[in-house]
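K.L.:
Listed here are the chains, written in short residue letters.
There are 2 protein chains.
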Amino acid sequence: MKTINSIADMQAFSNAVRKDGKRIALVPTMGALHVGHLSLMRKAQDMGDVLIASVFVNPTQFGPNEDYKAYVRDTEGDKMKMVKAGVDVAFFPHADEIYPPGFETYVEVEELQKPLCGRFRPGHFKGVATVVLKLFNIVKPHVAVFGQKDYQQLLVLNKMVRDLNVETEVVGLPIIREESGLATSSRNAYLSDEEREKAVSLSRSLREIKKGFDDGERDTQTLVMRGREILSRACIGDIDYLEIRDGETLEDKKSASPGDVAALAVRIGKARLIDNIVL
Amino acid sequence: MKTINSIADMQAFSNAVRKDGKRIALVPTMGALHVGHLSLMRKAQDMGDVLIASVFVNPTQFGPNEDYKAYVRDTEGDKMKMVKAGVDVAFFPHADEIYPPGFETYVEVEELQKPLCGRFRPGHFKGVATVVLKLFNIVKPHVAVFGQKDYQQLLVLNKMVRDLNVETEVVGLPIIREESGLATSSRNAYLSDEEREKAVSLSRSLREIKKGFDDGERDTQTLVMRGREILSRACIGDIDYLEIRDGETLEDKKSASPGDVAALAVRIGKARLIDNIVL
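As given, the protein sequences belong to chains A and B, one line each in that order. So that you can map any letter, position 262 of the first sequence is 262 in this note's numbering, and since no number is skipped, the others follow by simple counting. So that you can map any letter, position 268 of the second sequence is 1268 in this note's numbering, and since no number is skipped, the others follow by simple counting.
These are computed hints drawn from the structure, not numbers from a lab. There could be a bad hint or two in this list.
[What the hints assert, rightly or not] With a straight-line Cα cutoff of 35 Å, these simulated DSBU-like cross-link-like pairs (lysine-lysine) come out:
1) A:LYS114 <-> B:LYS1043
2) A:LYS198 <-> A:LYS81
3) B:LYS1019 <-> A:LYS84
4) B:LYS1022 <-> A:LYS22
5) B:LYS1019 <-> A:LYS43
6) B:LYS1084 <-> B:LYS1043
7) A:LYS79 <-> B:LYS1069
8) B:LYS1114 <-> A:LYS69
9) A:LYS19 <-> B:LYS1069
10) A:LYS19 <-> B:LYS1253
11) B:LYS1069 <-> B:LYS1198
12) A:LYS114 <-> A:LYS19
13) A:LYS114 <-> B:LYS1069
14) B:LYS1002 <-> A:LYS19
15) B:LYS1270 <-> B:LYS1253
16) A:LYS19 <-> B:LYS1084
17) A:LYS22 <-> B:LYS1002
18) A:LYS270 <-> A:LYS253
19) A:LYS81 <-> A:LYS210
20) A:LYS2 <-> B:LYS1002
21) B:LYS1022 <-> A:LYS19
22) B:LYS1019 <-> A:LYS22
23) A:LYS253 <-> A:LYS198
24) A:LYS2 <-> B:LYS1079
25) A:LYS19 <-> A:LYS69
26) A:LYS19 <-> B:LYS1270
27) B:LYS1254 <-> B:LYS1198
28) A:LYS253 <-> A:LYS210
29) B:LYS1069 <-> B:LYS1270
[Said to hold, decoys possible] Reference listing, derived: stretches of chain B covered by chain A, where coverage requires no fewer than 3 residues with Cβ under 8 Å from a Cβ of chain A:
30) 1100 to 1108
31) 1154 to 1164
32) 1250 to 1264
As the structure is a computational prediction, the values presented were derived from the model and not from experiment. Heads up, the beta-carbon is just placed ideally off N, CA and C, and yes, glycines get one too.
Starting from the given sequences, assemble the full structure and let the hints guide the process.
P.N.:
In structure tokens:
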């Protein structure tokens, strides 16, 4: 596996690959790689001739009181995992090259960034859209793969790419869950054993909503209430949101229909966890 | 000359050109081509193997009370001029394909967009940056050429390209002036003969500032006052701004230095005219 740090080297590499008529697949990550990431990488292998994975903990997508500094960094561990997952090139850019002094250009997907996580993490999706557009301009992937756990992120990036005529296909792949149902996340590392048990109620709550929907319930308030009850029985009080929204536009729904998404964000101890299920 | 209208056709054409290892030069315009544009096109011929010129009157860079509807459109005339100027491909995209329903992604160069024209045309540079990024993603030019009359636009686009790691070189070329000194502009068409005479004072005012600077005056207030006097003697009362700013950062200056820019925007009749001079 080749490791690249500088933007110019990465661009030169990708330009050469493209000139050879080869396809580039990219898996952008913030590192602290877990089985969810590795699953993305393995699946991305079939999507291109060259598999590039990037690791960049992006400061602009963290709020001032969020866990940018505490976020797990494990460069050597990540590299070993990437080798095993069949990555051809690991791109580890430096924050001071991605955001040089005087950096001031940002991309916003103005509507899709507003609800759900956008309401609780102002500026988050602006940071995500900006850094991903930069990564796309640097790595020039034909296809880029993201996890569906970050459901809103996936919609935001898909919209950005279409609106700005970026010729990169954005692909979302299913959430990878632990046996307990807990969605894999780098932030699960923040959880104590006790908190991890609590966190199992997130996916249970979403499955309860899905079950209600499958049983014929359509009223979103009723469905959400059933989900909330599971969270409250697990003593999860710090809920940013638990909502059912249109699966493409994220518009509010009174009556649920197939393709809608039930999504939640809760805080357990030091971790803010998100999860979702498509109805 | 080949004419292309659809985004997909344009991208396919440019991808093929790039695969051949050829360089693409782009001159983005809003049409109503005048000798200033044609000079850009002629000079851009030497910058690439394929010369593409686009014509798109971009709705998002016009304010609600501005001249979007009145802006001169002359597709056939423009095409004839482009042929003469050696353009290989004329790209005339449609507004409803550039901005399809639900379009919501915008790019902002947050600081450089604020002063000068930004203060009087809120949203203008957001519209400019967004459409130019789209054009760059569609046409994929190695180099794109703009006139220095839109001095702030040139800085904004240069910054955007660097901040977002777009591999297009943005080149600014000198203002083309009529014999009277009036900078060529599509909006000069709005002027009556009398107004056109008045408008000559714009460049005279800037030359007066430059002369003062060359004679050793450094105080920007004094220099600007000398320029304003010329405008007021020509009975130009509707001045959006006449300022001296740093030529790269557009920061306010108390004392002028070489490389600073004296820039103005005034309204004469139906026309809002801009001009500038580098000290």
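K.L.:
The structure should be examined with respect to each hint, and the outcome stated for every one.
P.N.:
Verification of the hints:
1. A:LYS114 <-> B:LYS1043: 45 Å, violated
2. A:LYS198 <-> A:LYS81: 28 Å, holds
3. B:LYS1019 <-> A:LYS84: 33 Å, holds
4. B:LYS1022 <-> A:LYS22: Roughly 18 Å separates the two Cα atoms, so the pair holds.
5. B:LYS1019 <-> A:LYS43: 28 Å, holds
6. B:LYS1084 <-> B:LYS1043: Measuring from Cα to Cα gives roughly 13 Å; hence the hint holds.
7. A:LYS79 <-> B:LYS1069: 56 Å, violated
8. B:LYS1114 <-> A:LYS69: OK: LYS1114 (chain B) and LYS69 (chain A) at ~32 Å, within 35 Å.
9. A:LYS19 <-> B:LYS1069: 43 Å, violated
10. A:LYS19 <-> B:LYS1253: Distance ~47 Å between LYS19 (chain A) and LYS1253 (chain B) Cα, so the pair is violated.
11. B:LYS1069 <-> B:LYS1198: 25 Å, holds
12. A:LYS114 <-> A:LYS19: 39 Å, violated
13. A:LYS114 <-> B:LYS1069: Holds. LYS114 (chain A) to LYS1069 (chain B) sits at ~32 Å (cutoff 35 Å).
14. B:LYS1002 <-> A:LYS19: Between LYS1002 (chain B) and LYS19 (chain A) the Cα gap is close to 25 Å, so the pair holds against 35 Å.
15. B:LYS1270 <-> B:LYS1253: Since the Cα atoms of LYS1270 (chain B) and LYS1253 (chain B) sit roughly 31 Å apart, the hinted pair holds (cutoff 35 Å).
16. A:LYS19 <-> B:LYS1084: 33 Å, holds
17. A:LYS22 <-> B:LYS1002: 29 Å, holds
18. A:LYS270 <-> A:LYS253: 31 Å, holds
19. A:LYS81 <-> A:LYS210: 34 Å, holds
20. A:LYS2 <-> B:LYS1002: Not OK: LYS2 (chain A) and LYS1002 (chain B) at ~43 Å, beyond 35 Å, violated.
21. B:LYS1022 <-> A:LYS19: Given pair LYS1022 (chain B), LYS19 (chain A) holds - Cα atoms ~11 Å apart, limit 35 Å.
22. B:LYS1019 <-> A:LYS22: 11 Å, holds
23. A:LYS253 <-> A:LYS198: 28 Å, holds
24. A:LYS2 <-> B:LYS1079: It is violated: about 49 Å lies between the C-alpha atoms, which goes past 35 Å.
25. A:LYS19 <-> A:LYS69: 39 Å, violated
26. A:LYS19 <-> B:LYS1270: 50 Å, violated
27. B:LYS1254 <-> B:LYS1198: Between LYS1254 (chain B) and LYS1198 (chain B) the Cα gap is close to 29 Å, so the pair holds against 35 Å.
28. A:LYS253 <-> A:LYS210: The given pair, whose Cα atoms are some 15 Å apart, holds under the 35 Å limit.
29. B:LYS1069 <-> B:LYS1270: The given pair, whose Cα atoms are some 13 Å apart, holds under the 35 Å limit.
30. 1100 to 1108: Since 6 is at least three, the answer is holds.
31. 1154 to 1164: holds (count 4)
32. 1250 to 1264: Not satisfied, violated; 0 residues make the cut.
In the structure shown, a violation is registered for the earlier hints numbered 1, 7, 9, 10, 12, 20, 24, 25, 26 and 32, in ascending order.
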